[in-house]
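If you read the sequences in order, they're chains A and B. For the first sequence, position 14 matches number 14 in my numbering, and the numbering has no gaps at all. For the second sequence, position 167 matches number 167 in my numbering, and the numbering has no gaps at all.
Treat the hints with caution; some may be incorrect.
Stated by the list, open to error - Partner residues aside, some chain A positions facing chain B, computed with beta carbon under 10 Å:
{"#": "1", "residue": "PHE18"}
{"#": "2", "residue": "PRO43"}
{"#": "3", "residue": "MET229"}
{"#": "4", "residue": "ASN230"}
{"#": "5", "residue": "PRO233"}
{"#": "6", "residue": "ALA317"}
{"#": "7", "residue": "THR374"}
Calculated directly from the structure, the hints in this document are not laboratory data. Quick reminder that beta carbons are idealized off the backbone N, C-alpha and C, glycines included.
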Amino acid sequence: MIIIQQIAFIIISAIAIFLFYKKVMEIRRNILIGKNEDLTDQPKKRWQNVMMNALGQKKMFSNPLVAVLHLFVYVGFIIINIEIVEIILDGITGHHRLFAPLLGGFYDFLIGCFEVLAFLVLVACVIFAFRRNVTKVKRLNKGELLEAQPRNDANLILIFEIVLMSLFLIMNAVDLNLQSLGAAHYTQTSPFWISQFIAPVFSGLGEGTLMGIERTSWWMHIIGIFLFMNYLPYSKHLHVILAFPNAFYARLDSKGKIANMSEIQNEVLYMMQPELAPTNADANAVMKFGARDVFDLSWKNLMDAYSCTECGRCSAACPANITDKKLSPRKIMMATRDRLEEVGKNINENKEFKEDSKTLLHDYITVEELRACTTCNACVQECPVSISPLDIIMQLRRNLVMEESNAPQEWNGMFSNIENNMAPWKFSPDDRDAWTKN
Amino acid sequence: MTVRTYAEFQANNETPEILFWVGCAGSFDARAQKVTKAFVEILNHVGTKFAILGKEEGCTGDPARRAGNEFLFQMMAYNNIQLMNMYGVQKIVTTCPHCFNTLKNEYPELGGNYEVISHAVYLQQLINEGKLKTKDGGEFKGKKITYHDSCYLGRANNIYEAPREVLQTLDAELVEMKRCKTNGLCCGAGGAQMFKEDEPGSIRINMERAKDVLETGATVVASNCPFCLTMLSDGVKNNEKEDEIQVLDIAEIIAKSI
Numbered sequence: 001m002i003i004i005q006q007i008a009f010i011i012i013s014a015i016a017i018f019l020f021y022k023k024v025m026e027i028r029r030n031i032l033i034g035k036n037e038d039l040t041d042q043p044k045k046r047w048q049n050v051m052m053n054a055l056g057q058k059k060m061f062s063n064p065l066v067a068v069l070h071l072f073v074y075v076g077f078i079i080i081n082i083e084i085v086e087i088i089l090d091g092i093t094g095h096h097r098l099f100a101p102l103l104g105g106f107y108d109f110l111i112g113c114f115e116v117l118a119f120l121v122l123v124a125c126v127i128f129a130f131r132r133n134v135t136k137v138k139r140l141n142k143g144e145l146l147e148a149q150p151r152n153d154a155n156l157i158l159i160f161e162i163v164l165m166s167l168f169l170i171m172n173a174v175d176l177n178l179q180s181l182g183a184a185h186y187t188q189t190s191p192f193w194i195s196q197f198i199a200p201v202f203s204g205l206g207e208g209t210l211m212g213i214e215r216t217s218w219w220m221h222i223i224g225i226f227l228f229m230n231y232l233p234y235s236k237h238l239h240v241i242l243a244f245p246n247a248f249y250a251r252l253d254s255k256g257k258i259a260n261m262s263e264i265q266n267e268v269l270y271m272m273q274p275e276l277a278p279t280n281a282d283a284n285a286v287m288k289f290g291a292r293d294v295f296d297l298s299w300k301n302l303m304d305a306y307s308c309t310e311c312g313r314c315s316a317a318c319p320a321n322i323t324d325k326k327l328s329p330r331k332i333m334m335a336t337r338d339r340l341e342e343v344g345k346n347i348n349e350n351k352e353f354k355e356d357s358k359t360l361l362h363d364y365i366t367v368e369e370l371r372a373c374t375t376c377n378a379c380v381q382e383c384p385v386s387i388s389p390l391d392i393i394m395q396l397r398r399n400l401v402m403e404e405s406n407a408p409q410e411w412n413g414m415f416s417n418i419e420n421n422m423a424p425w426k427f428s429p430d431d432r433d434a435w436t437k438n
Numbered sequence: 001m002t003v004r005t006y007a008e009f010q011a012n013n014e015t016p017e018i019l020f021w022v023g024c025a026g027s028f029d030a031r032a033q034k035v036t037k038a039f040v041e042i043l044n045h046v047g048t049k050f051a052i053l054g055k056e057e058g059c060t061g062d063p064a065r066r067a068g069n070e071f072l073f074q075m076m077a078y079n080n081i082q083l084m085n086m087y088g089v090q091k092i093v094t095t096c097p098h099c100f101n102t103l104k105n106e107y108p109e110l111g112g113n114y115e116v117i118s119h120a121v122y123l124q125q126l127i128n129e130g131k132l133k134t135k136d137g138g139e140f141k142g143k144k145i146t147y148h149d150s151c152y153l154g155r156a157n158n159i160y161e162a163p164r165e166v167l168q169t170l171d172a173e174l175v176e177m178k179r180c181k182t183n184g185l186c187c188g189a190g191g192a193q194m195f196k197e198d199e200p201g202s203i204r205i206n207m208e209r210a211k212d213v214l215e216t217g218a219t220v221v222a223s224n225c226p227f228c229l230t231m232l233s234d235g236v237k238n239n240e241k242e243d244e245i246q247v248l249d250i251a252e253i254i255a256k257s258i
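The whole structure should be built from the sequences, with the hints applied where relevant.
Here is the structure:
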């Protein structure tokens, strides 16, 4: 019986890990569809950002209550994973609580800590579900988050965590009952810190029933973890992994600096100083300006899209979104991810990308959204996982104006004023110093 | 008012301490011209040897770049950089945070390397060095002043304290809006929005910001940006509060207090 369980466990683990690996590699491939961009300068500052923003979750603390709850889930997630090591080793070797005899009293302490964390994760997730669905926190119940997919995704993640933590505690509670009955294989430990209070619920049951519940909980718990692991890359929850590289590769320039387009810089230079123009340049080379689709964005923009956990702090701070314009920085990120996933599927099916007559610009993100941005950087400032929606907005705007000549009439007027009068308004450049004379 | 151009300095074989970058709004917009003049008054008061580019100055290209017209931005940047490098400009002070951001953060990559200072920081330096003193019991004594962070000094360049320190010398009561500093709400003009209508929505952004202003009960709103100045003035006016609430640039406030 035990050997069958061991074999089943190894097969299930292998399948789970293989599927996870395959999907992770697919996401990696999708991210690398983006244009190359070197973001490895100033490593010291980058590691600082990882420590402060990813590990330290600095930006979360602008709302301390939510930050502390999130910290419970985050610390719980990482530390309880240590317990998974034992669970996996138990599964492979057919032991039960492999480490208990080895660690003695320290084992009881460790499990006690895990139980406290599991309980805190459970409480935090219940509060999160309550905030999302009952008190309806505005940023979690606005615009693009009213759609079924993001709603279900968010609630499924919370349910997963609540169920996993409950199973972990039930498993231990039943274990305590089995220990007191002196059941074989159930190593004696001191009462676990949290599950001892749940144990009385199961006290009247016979040894066989208890073992049934314990085994079922154990299996459901580990299978639940494998399922969750494999759900991760399909969900917004991927931020638990990508927040770290995203913090490392975040742009370090001043937020006000908009990325330079050196190809245009050179065009202008050659126009002004023709003697500098390369003589062997290919006159027929077609240049494309700005971004029209995910292929034109940088890999960092695409990693940003996979890192977004749809918390909506960006949109809640966006002046356009606050005043009910169509623009929502969160939607910009979600749309980029959706389009990228679609392109990924297309590549899976056709070996290489087959033209599908759709583009990120227009089909996923509209002109009206792009035109509403004030470039105020509130979204960039707010994002806890170092995403820049502004960078994507700017690249799409560039495509609109330089490839499609698609600008509002007032902007065209402003352009021609700057070009002819060196000011965005229609004044004579001769009058630029008129203020000195009156 | 003594204002000389870089060309005049050069003709006399002189070098100014700073280039005062006036900007398009400061040059042409009737309201922003008052800020320009107030700042010149301060520069003359402390005896700073400054020059302007005069007719030779051109738009930095900020609104063109942010609207998506990189060609136009690059043309403007090329001309301005050629001109300033020709004059050997070292240090620039500007009263416009958009110009400030472009000159400071975007020109170096294109060959324009200067020390660029916002007028808010320059005023703070003058005060700290003891060169500029506000008089006791000035016009703003005891008044409630609220400071509006422009996006391009604030989030874009992390300048939050210098303008506040300048205002603190006034013996006034400095009150914060609920959305301030990193959390400050845009006036609605950035990203070339100044030059077009708001996209459809429930309320204009400057009206939303005016609500924050009214909530503080302040009678003076201090700004550091010609666009914020226009947007906030309109916002206050739309609430029919223009008789009770003054919207002023920090340069104007300081010029009135020396």
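Here is how each hint holds up against the structure:
The interface hint given for PHE18 (chain A) is violated, since its Cβ lies 44 Å from the closest Cβ of chain B, which is over the 10 Å cut-off. For PRO43 (chain A), the shortest C-beta to C-beta distance to chain B is roughly 21 Å, which exceeds 10 Å, and the interface hint is violated. A least Cβ separation of about 36 Å between MET229 (chain A) and chain B goes past the 10 Å threshold, and the interface hint is therefore violated. The beta carbon of ASN230 (chain A) comes no nearer than 38 Å to any beta carbon in chain B, farther than 10 Å, and the hint placing it at the interface is violated.
For PRO233 (chain A), the interface hint is violated, the least distance from its beta-carbon to any beta-carbon of chain B being 32 Å, above 10 Å. The criterion of a C-beta within 10 Å of any C-beta in chain B is met by ALA317 (chain A), whose closest approach is roughly 7 Å, and the hint holds. For THR374 (chain A), the interface hint holds, the least distance from its beta-carbon to any beta-carbon of chain B being 4 Å, beneath 10 Å.
Of the hints listed earlier, those the structure fails to meet are numbers 1, 2, 3, 4 and 5, in rising order.
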